[in-house]
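Sequence lines, in order, name chains A and B.
Quick note, the first sequence lines up with residues 1 to 722 if you use this note's numbering.
Quick note, the second sequence lines up with residues 1 to 156 if you use this note's numbering.
I should point out that these hints are in silico values taken from the structure, not numbers from a laboratory.
These numbers come from a predicted model, not from an experiment.
Beta carbons: idealized from backbone N, C-alpha and C, even for Gly.
Treat the hints loosely; a few may be bogus.
What the hints assert, rightly or not - One side of the interface only, derived from the structure: several residues of chain A facing chain B at Cβ under 10 Å:
{"no.": "1", "residue": "Trp88"}
{"no.": "2", "residue": "Ser636"}
{"no.": "3", "residue": "Asn654"}
To be verified - Under the rule of at most 20 Å between Cα atoms (straight-line distance), these lysine to any residue pairs were calculated in the SDA-like manner:
{"no.": "4", "chain 1": "A", "residue 1": "Lys282", "chain 2": "B", "residue 2": "Thr29"}
{"no.": "5", "chain 1": "A", "residue 1": "Lys713", "chain 2": "B", "residue 2": "Thr129"}
{"no.": "6", "chain 1": "A", "residue 1": "Lys282", "chain 2": "B", "residue 2": "Thr129"}
{"no.": "7", "chain 1": "A", "residue 1": "Lys282", "chain 2": "B", "residue 2": "Asp15"}
{"no.": "8", "chain 1": "A", "residue 1": "Lys282", "chain 2": "B", "residue 2": "Ile16"}
Said to hold, decoys possible - Beyond 10 Å from chain A on every Cβ pair, some chain B residues (computed):
{"no.": "9", "residue": "Thr4"}
{"no.": "10", "residue": "Ala11"}
{"no.": "11", "residue": "Thr13"}
{"no.": "12", "residue": "Asp52"}
{"no.": "13", "residue": "Gly68"}
{"no.": "14", "residue": "Lys114"}
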Amino acid sequence: MRKWTRRAFIGTGTLAGGGFVLGVAGVAFSPSRHSVVSDDAATTGQLTTWLLVTPDNLVTVLVPHCEMGQGSQTALAMMAAEEMEADWNLVRVKEAPATDDYANAYIARAFGGSIPAPLGRAFDYGTYRFARWYGTQATGGSTAVRGTGRYGMSVAGAAAKQMLIAAAAERFGVSAAECKASSSRILHTPSGRSATFGELASAAAKFSVPSNPVLKDPDTYTIRRTARQRFDIRSKVNGSAVYGIDFTLPGMLYAAVEIAPVYGGKLVSVDSAPAEAMPGVKRVVRLENAVAVVADSYWHARKAIASLKPQFDDAGHGGVSTESIFAAFDKSLGAVPDTPKDAATLVTADYRVPFLAHATMEPMVCTAKVEGDRAEIWAGVQDPLNARSAAAKALGMDVEHVKLTNLPLGGGFGRRLPFTYDYVELGARIGKVMSPVPVKLVWSRENDIQHDYYRPAGMARFAGALDGNKMPVAARCHYAGGGDGESVFMPYAIADKRADNRDASHPIRTGAWRSVLNSQHGFFKESFIDELAHAAGKDPFLFRRDLMTDQPRFRAALEKAAAMANWSSPLPAGEGRGIAITESFGTIVAEVAHVAVSPEGALRVRNVFAAVDCGDVVNTDTAKAQVEGGIIFGLSAALLSEITIAQGRVVEKNFRDYRMIHIADAPQIEVEFIRSDAKLGGLGEPAVPPIAPAVTNAIFAATGVRVRELPIKNHPLPRQTT
Amino acid sequence: MPITVTINGHAHTLDIEPDTPLLWALRDTLGLTGTKFGCGISACGACTVLVDDRAVRSCMFPISQVAGANVTTIEGLAADGTLNPVQQAWLDQQVPQCGYCQSGMIVAVTALFKQFPRPTDEDIDATITNICRCGTFVRVRRAIHAIAEGGGGEHA
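Excised from the complex, chain A in its bound form (with noise of 0.2 Å):
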């Protein structure tokens, strides 16, 4: 494997048999949303993202970054088509390999400026966070189409017709200038001749890369802002898509695994006797923190852990159970915060959230292959240069011997990012004892949801002060669990916003969950604005619109999920609508839930309504797909999923007791885009976090119970009248 140099990646490369690649040089943050390429690229660049034109006149885009079902390898490519003027139907995207080349490290160039002040809107602490992970190759942070996209992709194109166009004069001895690029074709208008981009692409490579190419004007996007089929979708409707879990190699063995059911505990003993003697079982693999059972088959496997009884220590955890994390976080909250003394009315609250799973579809599995000091690996993960770092540290092994192959995944949200790869350690080392046979390693659904990256707990204690005139003239916090400064803005106007975090530490493992801190912080400060409002006496979306006089993009999206869901019409008795409004990822999402509570306190969410700023939208498509979807994986938290702690371990097991909502619980949704001047931001997801607090505040306007512990399922619901 050929050692990462940084000039390797500047400029193009021929294709054996013709046609080009192409790399982008480095790139720099810019305000502006057309100057992208920094001059002094070609030394402080690293090439990042690629084209290929093939002799067939097709464009191959190579992605770095997964497809776990967002979308965006497909928006990507609408982005380097775009600018390319190429022919939509010429175009095909492939994942780029896991090799340093494909380091999507301009994410942190774009957005890993200096910190601001903590209360400081301007900053995405989320990405901020993603950013840090340089030289990984991470699909996270719904950074794809927002960094990728526009500080790679669009800057590709536009550079590879750049140099299509020069091969085109060239070829046709005629000026640049009167050479134009339009559906995979270079045009010379004045005399009528014309070449493919293939025809031309082996010429083309002889340019140098142009470092500042024109990007186009939005208003004449002909792929952009339009709907574009997946490239992805057929596979997934036919059952020919190869996920991590499908894949298979001649003379593969399976593997189950048991796993310290404390987080840190270790294997004390184990007698592997029962499973040895079960049809088909190769072999008991003691690990440090895991007992796994390799087999012909995964049934095989899957029936001989359960005949074992494996001993592990609780690594002093065995005490920690969600009372005590929560008690621990009220402890840490202390006092209720200051308010002004002379305040005519005071508010206070306090919030809960749980712990959560991402219980992604697909349970997480590794298949290793392991000969004498080299090794692979197969596997559906949301950073793959990350992963093979994890199998190489494991395998003690040079991260060079390694090579990854990465799958689609099925389902990530968070719980594939950089550092959370257990199951490939686990995978890796499975494949080391049994080298040079490999073995696929498949989690059970159980070991899945009890050995996750926790969304964390967390708990908030609000108060806030009305001035005599209803006005908001506070809104403090003390909060546990986490948060940062994105996550705990509030965009009113109210004189004294202070959120405080207050560290109250668990064993517990926690990870990033779709929207991470977001998700917490959106139910505490919309509720809590909510409660503001009614001890005001004022229409909870009157009181919110009133406070956004410096905010014109909230404004507007509250304005519009309002209008949507026809806000102030009136509602039979046991109905009601609730607003919330939060921004993450470089994103504002306004929605309104309509929800109706039956005469027997059962809850139903009927409709929700979606008003989304992300700046502008690539395809229109997938865009909505990712509101729609944020919003229902969102709603499955609010209404019933949690994960508790007895004893250190997790409670739940599988889906009867880590619940979801199906489609008879799903409402209507509905989703419009705003277009505004902002850049753009992130889609995959900035929809779930308004989603618990819109409920719950439609609840308290359906019924006056306000629900301030989720998930809402805990709290009975009274008995309507009517």
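For this one, chain A is given, so just place chain B on it according to the hints.
Coordinates of chain B only, in the frame set by chain A:
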């Protein structure tokens, strides 16, 4: 004792234990990996296949019970490479996101149409209990209605 089963119109004789779930026989013995493993307790429906036109969650369905029956998997729905009306609607409406649950969802909806050629929302709510973590339910419902309105329900 070998068990003979008919999968997607082809007879196979399998030398596996009779308690082996149909799911693992399909995936690991026959290499038909379109049918997915989600939970192993018949809760999520990712493993749904048709057994004589009935939707069955194959992760807890012993292979011995399908001896003599006709099993259809996602791979068997597109006869001669032509997508069935449900698959076609899923493509047209761009229903899948990660797609992992969609094999089971498509098979379950195919079975729904065998029961109800023009299903109401109530029929859908009562019959389709598959879990989709990406949250495609809005499009699943829309696609089902689009199939029914297009008259495809009789041919699913």
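Exercise. Does aspartate 15 of chain B lie within 20 Å of lysine 282 of chain A when you go C-alpha to C-alpha?
Worked result: The given pair, whose Cα atoms are some 19 Å apart, holds under the 20 Å limit.
Problem set entry | Restraint check for lysine 282 of chain A with isoleucine 16 of chain B, where alpha carbons must lie at most 20 Å apart | Judged against 20 Å, a Cα distance of about 17 Å means the pair holds.
Exercise. Is the hint on serine 636 of chain A kept, meaning its closest Cβ partner in chain B is under 10 Å away?
Worked result: OK, holds: serine 636 of chain A within 10 Å of chain B, min 8 Å.
Problem set entry | Beyond 10 Å from every chain A Cβ - status for threonine 4 of chain B | 19 Å, holds
Problem set entry | No chain A beta carbon within 10 Å of lysine 114 of chain B's | 18 Å, holds
Exercise. Is the interface hint for tryptophan 88 of chain A satisfied, with its Cβ closer than 10 Å to some Cβ of chain B?
Worked result: This hint is violated: tryptophan 88 of chain A lies away from chain B, its Cβ roughly 16 Å from the closest one there, beyond 10 Å.
For this session: Please verify that hint: asparagine 654 of chain A, Cβ, nearest Cβ of chain B, below 10 Å or not.
Result: 5 Å, holds
Exercise. Hey, lysine 282 of chain A versus threonine 129 of chain B, does the alpha-carbon distance stay inside 20 Å?
Worked result: Violated, at roughly 38 Å.
Problem set entry | Non-interface claim for glycine 68 of chain B versus chain A (Cβ beyond 10 Å) | Nearest chain A Cβ is 22 Å from glycine 68 of chain B, so the label holds.
Exercise. Between lysine 282 of chain A and threonine 29 of chain B, does the CA-CA distance stay at or below 20 Å?
Worked result: 17 Å, holds
Problem set entry | Exclusion check [alanine 11 of chain B not at the chain A interface, CB over 10 Å] | 20 Å, holds
Problem set entry | Non-interface claim for aspartate 52 of chain B, where every Cβ of chain A lies beyond 10 Å | 20 Å, holds
When the structure is compared with the earlier hints, violations turn up for hints 1 and 6 and for no others.
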